[in-house]
Amino acid sequence: MPLANLSWRPLAELPPMWHGNVDADAWLVAARSTRASGGRLVTLWGSDRGAAGCAMTAAYATQDGLLWLDLALPPGQATYPDLAPLFPAAGRMQRAQHELLGIAAAGAVDTRPWLNHGTWPADWFPLREGSGLPPPGPAADYPFVPVTGDGVHEIAVGPVHAGIIEPGHFRFSVVGEKLLRLEARLGYAHKGIDALFARTAPEAGHRLAGRISGDSTVAYAWAYCMALENVWHVAVPPRAQWLRAVLLERERVANHLGDLGALGNDAGFAFGLTRFARLREDWLRLNGTAFGHRLLMDCIVPGGVATDLAPDAAARLLAQCDAAEAEVLRLKTIYEEHAGLQDRFLTTGRVTPPLAARLGLTGLAGRASGQAFDLRADHPLPPYDSLGTNMATHRGGDVAARVTVRFEEVLESLRLLRAMLGGLPAGAVRPAALPPARAGLGGGWVEGWRGEVFVALELAADGQRVHRCHCHDPSWHNWLALEHAVMGNIVPDFPLINKSFNLSYSGHDR
Amino acid sequence: MNPFGLLAQSFAVLLALTLAPLLKGWIDMWRAWLGNRSAPGLLQPYRVLHKLFHKESVLADTASPLFRLAPYAVFGCVLLACAIVPTLSTDLPFAPAADAIALVGLLALARVFMALAAMDIGTAFGSLGARREMLVGFLAEPALLIVLFNASLITGSTSLASIVETLAHQQFAIHPSLAFAGIAFALVSLAENARIPVDNPATHLELTMIHEALLLEYSGRHLALMEWAASLKLFAYAGIGLALFFPWGIAQAQSPAAMLAALPLLGLKLAIGGLALALVETLSAKMRLFRVPEFLATAFLLAVLGLLVHSLLGD
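Chains as they are written, first to last, in the working numbering: chain A, 1 to 510; chain B, 1 to 315.
The hints are simulated quantities; they were obtained by calculation from the structure and are not laboratory data. Quick caveat, the model's predicted, so the values are computed rather than measured. Misleading hints may appear alongside valid ones.
[Said to hold, decoys possible] Over the 10 Å line for every Cβ pair with chain B, so calculated as not near, a few chain A residues: (1) Ala267; (2) Phe271; (3) Arg275; (4) Arg278; (5) Ala326; (6) Asp343; (7) Arg344; (8) Glu408; (9) Leu414; (10) Ala426; (11) Ala461.
[Unchecked claim] Computed cross-link-like contacts, SDA-like style, restricted to lysine to any residue with a CA-CA straight-line distance of at most 25 Å: (12) Lys332(A) to Leu153(B); (13) Lys51(B) to Ile164(A); (14) Lys332(A) to Lys51(B); (15) Lys191(A) to Arg112(A); (16) Lys178(A) to Lys191(A); (17) Lys178(A) to Glu227(B); (18) Lys178(A) to Phe290(B); (19) Lys51(B) to Ala162(A); (20) Lys332(A) to Asp343(A); (21) Lys332(A) to Met119(B); (22) Lys191(A) to Tyr142(A); (23) Lys332(A) to Asp298(A); (24) Lys178(A) to Lys51(B); (25) Lys178(A) to Leu116(B); (26) Lys332(A) to Met287(B); (27) Lys178(A) to Ile121(B); (28) Lys178(A) to Val280(B); (29) Lys55(B) to Tyr142(A); (30) Lys332(A) to Thr404(A); (31) Lys178(A) to Arg37(B); (32) Lys332(A) to Gly220(B).
C-beta: ideal position from N, C-alpha, C; glycine also.
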């Protein structure tokens, strides 16, 4: 563990989380030693501590678990050491925290606004206590980094797209069809969820967390509930723990099936889309029958899960795993043997493993670029600890690698689902009573289908109110990597590369 | 000009206008079925045209008169092209006025108007599409010309009507050069009509579009004309393909009865052709943009091989 001399306080056992207070020097030392020892930056967030000023917090993933480092910023001090040179993804997180709280990274190279499109004043900070409602302002122009040279021109795409997708703006600098640079402009889906948490009761926060990114609602709700249960010191009944894993894997499979079809369609192979869309639809309908919600929203609640799984529903879920597996294997063969499709996938949008490590590429896209991290295998909770998870990795780093990893993860999830449904422990799915309110810090760390979702929860002194809840989406890291993945590719290949990452706008913008 | 010729000519134009959307509907229907979807119905293209003609045409502030003119010019060019392709009868008064070379020129003129109109508004997608359309065009047009020359060498004429008369009504002979030309023509038709694997007519991804990117700024009746022109172009290509490679059944001059007999045969040939196109589109993925020149160069090479085979083997 880096900084062994620091007094680490355990926050949770599984997955292991450690809390420590640092000063500005130790802040940098911790970042450097984490970098040197192969650790990753998970997320950065700031919080307002009232009379004590502000605090900046970094969460690192190391072999020992999650390190949660608090850097207190007393009143009058509004800067902290910049982490972007060590962890490139930190740059945008620091820019966002500056807009939300007014604390800035000292000496940061990029100080352009990120989430704030000019609609709130630069000296008004929504997460400061008592900040009220923002005075409205007009949207401002964003200074994109210009690319100059003979024949270079810009293509602006979005935020409104031709397809029904989330809003985001992409600025391409191209020569002919060749992409020189892509700059993403996000923040169109900023909803002020961090401030909304401050008006939410702790026991209702899982519903809000579950709506940050609809395609990862299970991962977010579980991470929030895990954080709350860590504060409350509540033990989740074994049956509920297993059911949560069932829900998480069903969410993973549904998303992977949708993406695999969409990837075929984006390469002009509509047959793939219709086959996978039907598979996904069957999957979602059974979700609705077995759990009461097609996308599994609000199925995970603090302490356990909302409803128990009926025995006949468990049998149907099991049967569906077999049916889906046979079809996925057939479609996998079709994808692999289709020369035209493979020609589009191979070498397109490559992120090499060294670049991925440098950028902190995470989750599914990271595993396709040799970044072998999967919380289900690295810090397994029950039932993953007894079942074991075979992590799917690839070193290709191209669209083909991301397709392959998706196929392998679907098959692994189907294996896990069969094992889980076959061995569901008996018992209650919620504790008899929830404990009285109490204050404290808690973290939730879950491997969603896109990558690791992290929720940092701080309850106010009376325990009746959320003081700060920071929800981290893996897209924060991967949007940055996407900009590197497209370099040197041609313009018409961008939609395919983008789809192979399939990042969340809402989860990033919050 | 005889009155029957005039009748045959106007009938051919009317037939093209009505059958072209039907052919598109037929292909779309099969594409849906082959992709395990339920189809929108054979008449869907007519419904789309009807809807678009009843909608308001919205023009960008930066649009010049060229932008308004282009749909009519494109539609006119393509309709004229349809008029000189013998589909039912070779008795076409327009045919002597324009031969196969003029036909390629007419289609090229339509392309130029479309590309200019797309660039006229000044959006990134329009220019992108125009650039790509020209990339396809500069290779597809010469390949198409050489394909037509293959047939001209056999028949000794560049007029499509006389080519068909000679091919369909002379003594049956096997022309190996036409086999090469036929494959080349199939490749060119896929590229020229914005079909998979060159372009995807069903895509909504602006960055990958070729043909659709040219139409992004059009709406209402302008879009209707452009869509109709696209199906007419496909119909014209189908007509050329049938005339060159499957000319049997097309009526000779001055025979109204044969013309009526040619109609069901044409329907059958188009139905088979449409099914084949849908099959190709279902089985292929869209290729990378920079593979398109290779694809079209193959077509050109095959067409030239056809010429060589013809000159080696003699008549």
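Hints versus structure:
1. Ala267: violated, 5 Å
2. Phe271: violated, 5 Å
3. Arg275: With a cut-off of 10 Å, arginine 275(A) comes too close to chain B, as the shortest Cβ separation is near 7 Å.
4. Arg278: violated, 7 Å
5. Ala326: Since the minimum Cβ distance to chain B is about 16 Å, alanine 326(A) lies beyond 10 Å and the statement holds.
6. Asp343: violated, 7 Å
7. Arg344: violated, 6 Å
8. Glu408: holds, 22 Å
9. Leu414: holds, 22 Å
10. Ala426: Consistent with the label, alanine 426(A) stays out of reach of chain B, its closest Cβ about 41 Å off (over 10 Å).
11. Ala461: Label holds. Min Cβ-Cβ 52 Å, cutoff 10 Å.
12. Lys332(A) to Leu153(B): violated, 49 Å
13. Lys51(B) to Ile164(A): holds, 22 Å
14. Lys332(A) to Lys51(B): Cα-Cα ~41 Å, so violated.
15. Lys191(A) to Arg112(A): Roughly 20 Å between the alpha carbons, so the hint for lysine 191(A) and arginine 112(A) holds.
16. Lys178(A) to Lys191(A): violated, 35 Å
17. Lys178(A) to Glu227(B): violated, 30 Å
18. Lys178(A) to Phe290(B): With a Cα-Cα distance of about 11 Å, the restraint between lysine 178(A) and phenylalanine 290(B) holds, given a limit of 25 Å.
19. Lys51(B) to Ala162(A): At roughly 20 Å apart (the allowed maximum being 25 Å), alanine 162(A) and lysine 51(B) satisfy the hint.
20. Lys332(A) to Asp343(A): Holds, because 16 Å separates the two Cα atoms, which is no more than 25 Å.
21. Lys332(A) to Met119(B): violated, 42 Å
22. Lys191(A) to Tyr142(A): Holds, at roughly 19 Å.
23. Lys332(A) to Asp298(A): Answer violated: lysine 332(A) to aspartate 298(A) is near 32 Å, above 25 Å.
24. Lys178(A) to Lys51(B): With a Cα-Cα distance of about 38 Å, the restraint between lysine 178(A) and lysine 51(B) is violated, given a limit of 25 Å.
25. Lys178(A) to Leu116(B): With a Cα-Cα distance of about 23 Å, the restraint between lysine 178(A) and leucine 116(B) holds, given a limit of 25 Å.
26. Lys332(A) to Met287(B): holds, 20 Å
27. Lys178(A) to Ile121(B): holds, 23 Å
28. Lys178(A) to Val280(B): violated, 29 Å
29. Lys55(B) to Tyr142(A): violated, 36 Å
30. Lys332(A) to Thr404(A): holds, 9 Å
31. Lys178(A) to Arg37(B): violated, 36 Å
32. Lys332(A) to Gly220(B): violated, 42 Å
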